[in-house]
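J.: What follows is the residue order along each chain.
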Amino acid sequence: GESVGLHLPTLSVQEGDNSIINCAYSNSASDYFIWYKQESGKGPQFIIDIRSNMDKRQGQRVTVLLNKTVKHLSLQIAATQPGDSAVYFCAERVGVRRALTFGSGTRLQVQP
Amino acid sequence: GAGVSQSPSNKVTEKGKDVELRCDPISGHTALYWYRQSLGQGLEFLIYFQGNSAPDKSGLPSDRFSAERTGGSVSTLTIQRTQQEDSAVYLCASSSPGQGFEDNEQFFGPGTRLTVL
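From first to last, the protein sequence lines stand for chains A and B.
Reminder that position 24 of the first sequence reads as 27 in our numbering, one-by-one numbering, no gaps.
Reminder that position 34 of the second sequence reads as 22 in our numbering, one-by-one numbering, no gaps.
Hints may contain errors.
Stated by the list, open to error - Below, in silico cross-link-like pairs of lysine-lysine (DSBU-like), each with a Cα-Cα straight-line distance of 30 Å or less:
1) B:K(-1) - B:K45
2) A:K71 - B:K3
3) A:K59 - A:K71
4) A:K59 - B:K3
5) A:K74 - B:K45
6) A:K59 - B:K45
7) B:K3 - B:K45
8) B:K45 - B:K5
9) A:K59 - A:K74
10) A:K74 - B:K5
11) A:K45 - A:K59
It should be emphasised that the hints constitute simulated quantities derived from the structure, not laboratory data.
Can you build the whole structure from these sequences, using the hints too?
T.: Structure (structure tokens):
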């Protein structure tokens, strides 16, 4: 069945370093992907999205890479800051079905 | 402007009791979603409302779960005869009408933490 998972449950980086969070998905029919950031006690917050007809998309300090061949998604955060500390989720969607399927999350810890 | 709000923020109930969780979406958002997040886990889709269309209930885990959306705005998620495994954070999200293929961004509320004793 469908599944979206993450390789690393916890990632610890030094402030100022770049962070890379990875996600594997199994549904080759997924055509839309989103990264969310969730801080403690809050709902998920949209970071960046990408459609399946793209392999890279950049935002402010963040880049999402999509490799459909190996069904892999990554989130790169440049110059990681303490405020980036949170749990990051990837999510996928298939076609007209609007509901998102979420991965289990990676906790990013930024050391000052 | 106001975001998605949910109430109560915390709910403690006894096994077997019914609970109602409320979601107020962002004004003008026609799409509304309920998700459930168990401790340390990702979000699990429960139900989706879009305008006057029939809701997508494919994520509801059992017939003890139901939801309604009145007047295309406020939504209530009801869990009957609660069980301990129902303990989780219940998150609501809303989005504005999609432009063709894509929905616009889903905005999440802070969630309701449900604890079933």
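J.: Hints first: check each against the structure and report whether it holds.
T.: How the hints compare with the structure:
For the proposed pair K(-1) (chain B) and K45 (chain B), the alpha carbon gap of about 23 Å is at most 30 Å, so the pair holds. Between K71 (chain A) and K3 (chain B) the CA atoms are separated by roughly 45 Å; this puts the pair beyond 30 Å, and the hint is violated. Taking the CA atoms of K59 (chain A) and K71 (chain A), the gap is about 11 Å. The hint holds against a cut of 30 Å. For the proposed pair K59 (chain A) and K3 (chain B), the alpha carbon gap of about 48 Å is over 30 Å, so the pair is violated.
A threshold of 30 Å between alpha carbons decides the hint, and for K74 (chain A) with K45 (chain B) the separation of about 28 Å falls inside it, so the pair holds. A distance of roughly 33 Å separates the Cα atoms of K59 (chain A) and K45 (chain B); the hinted pair therefore is violated under the 30 Å criterion. Using a Cα cut-off of 30 Å, the hinted pair K3 (chain B) and K45 (chain B) holds, with the two alpha carbons roughly 24 Å apart. Straight-line distance between C-alpha atoms of K45 (chain B) and K5 (chain B) comes to about 22 Å, which keeps the hinted pair within the 30 Å bound.
Only pairs whose Cα atoms come within 30 Å are accepted, and K59 (chain A) paired with K74 (chain A) is accepted, the gap being roughly 14 Å. At most 30 Å may separate the alpha-carbon atoms for a hinted pair to count; K74 (chain A) and K5 (chain B) exceed this at roughly 43 Å. With a C-alpha separation of about 28 Å, the suggested pair K45 (chain A) and K59 (chain A) falls inside the 30 Å cut-off, and the hint holds.
The structure does not agree with the numbered hints 2, 4, 6, 10 stated previously, though it agrees with the rest.
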